[in-house]
Structures are given as structure tokens and as C-alpha cells.
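Trainee: Sequence:
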Amino acid sequence: MPKIMICGRGGSGKSTLVTLLARALAERGKVLVVDTDESNLGLHKMLGLSTPAMTLMGCLGGKPAVREKLLAPLQKKGDENTGFFADGLNLASLPPECTGGEWPLRFLRIGKIERSLEGCACPMGAVARSFLKQLRVDQDEWVLVDTEAGVEHFGRGVVEGVDLVVMVVDPSHEAVLLAERARALAAGVGKEFVAVLNKVDTGTESFLRRELSEKGIPVRGAFGFSPEIMEANLTGNPLPAGNYREQVKELLATWMN
211 MPKIMICGRG GSGKSTLVTL LARALAERGK VLVVDTDESN LGLHKMLGLS
261 TPAMTLMGCL GGKPAVREKL LAPLQKKGDE NTGFFADGLN LASLPPECTG
311 GEWPLRFLRI GKIERSLEGC ACPMGAVARS FLKQLRVDQD EWVLVDTEAG
361 VEHFGRGVVE GVDLVVMVVD PSHEAVLLAE RARALAAGVG KEFVAVLNKV
411 DTGTESFLRR ELSEKGIPVR GAFGFSPEIM EANLTGNPLP AGNYREQVKE
461 LLATWMN
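The sequence shown maps to residues 211 to 467 in the working numbering.
FYI, nobody ran anything at the bench for these hints, they're computed from the structure. Treat each hint with caution, since some may be false.
To be verified - Using 25 Å as the maximum straight-line C-alpha spacing, the simulated DMTMM-like pairs for lysine to aspartate or glutamate come out as follows:
no.: 1; residue 1: Lys401; residue 2: Asp297
no.: 2; residue 1: Lys279; residue 2: Asp297
no.: 3; residue 1: Lys213; residue 2: Glu402
no.: 4; residue 1: Lys401; residue 2: Asp350
To be verified - Per label pair, the in silico range of CB-to-CB distance:
no.: 5; residue 1: Gly400; residue 2: Ser423; range: 18 to 26 Å
no.: 6; residue 1: Pro448; residue 2: Glu402; range: 27 to 35 Å
no.: 7; residue 1: Thr464; residue 2: Arg420; range: 15 to 23 Å
no.: 8; residue 1: His383; residue 2: Glu307; range: 38 to 46 Å
no.: 9; residue 1: Ser326; residue 2: Gly446; range: 23 to 31 Å
no.: 10; residue 1: Glu460; residue 2: Ser423; range: 15 to 23 Å
no.: 11; residue 1: Asp411; residue 2: Glu460; range: 14 to 22 Å
no.: 12; residue 1: Arg420; residue 2: Ser326; range: 40 to 48 Å
no.: 13; residue 1: Glu424; residue 2: Thr445; range: 38 to 46 Å
no.: 14; residue 1: Ala275; residue 2: Asn453; range: 41 to 49 Å
no.: 15; residue 1: Phe295; residue 2: Thr445; range: 36 to 44 Å
no.: 16; residue 1: Ile323; residue 2: Phe295; range: 17 to 25 Å
no.: 17; residue 1: Asn300; residue 2: Arg391; range: 32 to 40 Å
All of these numbers come straight from a predicted model, not from anything done at the bench. For every residue, glycine included, the Cβ atom is placed at its ideal position computed from N, Cα and C.
With these hints in hand, go ahead and build the complete structure from the sequences.
Mentor: Below, the structure is given as C-alpha cells:
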């Protein structure tokens, strides 16, 4: 599963899971973490990486240039052409100004809301969709996609460019409802869908596994609440991954076997 999209409700721990997975996969090959959330600002700190000099949309000329490219074919042909990238796009061909860190782990941001009244984030969704669909991933390379909260990335078509959808479910009824909706949306485009529980104890893990099982949602891992991760998130320090290293390896084994 070379391209994995991580989704969930706000505060469920999407970025935490992305960070833990990225650290583990970087021991096996190259990992690109793609931030498609136009409002998330601290993912690079969780990863312990530098901020890229530019967003990917900035490398394409910014939102005006992207919007113009989107509108041109609509005016001429009546269809949408989101071919922003040349053929042969792969990890080696990524513009260095758009990626932070060094291999085996690098970080890319699709785009961010920079100014009030600049308009919606739909052009960023179009760039993310095109990028993930066109990006070619070789053996021992992975792409982890950190999405915005909720299910908007399904509506934007970002899901088309990934191989696996992972839903982070924390102990809340809203998270269960959202997982059920996301599973149906993933099935609509033929994508494999699994859930990972987060911030659970023995009681809440058992309850969530039962609830999700009744809805036909497979659970592929569970993580308890971590004071160390909470402190790192509070202070803006890289996440301590050591305590969960074996758990993450077991989780990855269920996807790769």
C-alpha cells in the first residue's frame, strides 16, 4: 500500500498517526508526508523536519495560476483538466523548494490559507488530487497523506490518488458516525478502508471494536492515550515514537502481508 490517506475527526490524532507511521516506514525506505490540510500548521514540528520554503501550489504559481488553469478547459471544452504535472512525476523529481527534510523522510505541503477573503481552498484540493494521482511510487517508497478533519477530501476527489484509507477513531459517538460515512465514501471509489483506534483504554477499545465491527469496519490497531505525546504536542516538540515502535510495526505488518 504505497499511498496511504489518514483521515478522522478533528483532534482524533491523524497527524500523530502519520508521524508514527512515517518514522517506522523511514527505516525501510523513502517516505513522503503530504500535508493536504490548508489550516494545519504544526505537522513539520511533530515530524522534527524543517518547513519547506514553498507550498506545492506556490511552486505552480500560486492560487491565481492554479485557478486560471482550472478555468481554462472549462471555458473551452466543458471538462476539468487538472494535469498540473509532467509525466514521470516521482519522489526524485519533486522540486527541492517544496520539500522539507532529507531522505528517507521528507515533507510537502499542498497549500495554506494565507489571507482573509482569499477564497475557498478548492484549488488546493484540485492540486492534491492531481499530484497524488500522477505521482509514481517505486518499491520501498511510501506516501502518507495527512488530511483535514472530516470528509471533504472525499468530495474533492483526493481519495482517487491513494491505495488505502485509514480512519483514526477516538472514543466518541461522532467518530463512529464519521467512520461509517467515510467507509461508504471510500467504497464508492473502490478503496480499501480500515480503522485505527486512538486514545483508548480497555473499556473504550472493546466498545469501539464492537461498534465498528457491527458496521463492517475492520479495526487494524489501537493506541492508548499518551501523556508524552500530549506534552510534545503542547510544547511543539517532535513526537516521541519509541514507546509505540513495536505497535506501529505490527500495524504496518497487517497492511503489507
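Trainee: Taking the hints in turn, state whether each one holds.
Mentor: Now the hints, each set against the structure:
About 24 Å separates the Cα atoms of Lys401 and Asp297, which keeps this hinted pair within 25 Å; it holds. The hinted pair formed by Lys279 and Asp297 meets the criterion: a straight-line CA distance of about 17 Å does not exceed 25 Å. Distance hint between Lys213 and Glu402 is fulfilled; the C-alpha atoms sit about 11 Å from each other, no more than 25 Å. A threshold of 25 Å between alpha carbons decides the hint, and for Lys401 with Asp350 the separation of about 21 Å falls inside it, so the pair holds.
In this structure, Gly400 and Ser423 meet the distance hint of 18 to 26 Å, their C-beta atoms being roughly 22 Å apart. Between Pro448 and Glu402 the beta carbons are some 30 Å apart, a value that agrees with the proposed interval 27 to 35 Å. Between Thr464 and Arg420 the Cβ separation comes to about 19 Å, which falls inside the hinted range of 15 to 23 Å. Evaluation of the 38 to 46 Å hint for His383 and Glu307 yields a pass: the beta carbon distance comes to about 44 Å.
Separation of Ser326 from Gly446 is about 25 Å and conforms to the stated range, judged on CB atoms against 23 to 31 Å. Between Glu460 and Ser423 the CB atoms are about 19 Å apart, so this pair conforms to the stated range of 15 to 23 Å. The beta-carbon spacing between Asp411 and Glu460, approximately 19 Å, falls within the hinted interval of 14 to 22 Å. Between Arg420 and Ser326 the C-beta distance comes to about 45 Å, which sits within the given range of 40 to 48 Å.
Glu424 and Thr445 have their C-beta atoms about 39 Å apart, which keeps the hinted 38 to 46 Å range intact. At about 45 Å, the CB distance of Ala275 to Asn453 agrees with the hint of 41 to 49 Å. Checked against the hint of 36 to 44 Å, the pair Phe295 and Thr445 passes, with Cβ atoms roughly 37 Å apart. Hint check: Ile323 to Phe295, Cβ distance near 23 Å, so the stated range 17 to 25 Å holds.
For Asn300 and Arg391, the hinted distance range of 32 to 40 Å is satisfied, since their beta carbons lie about 33 Å from each other.
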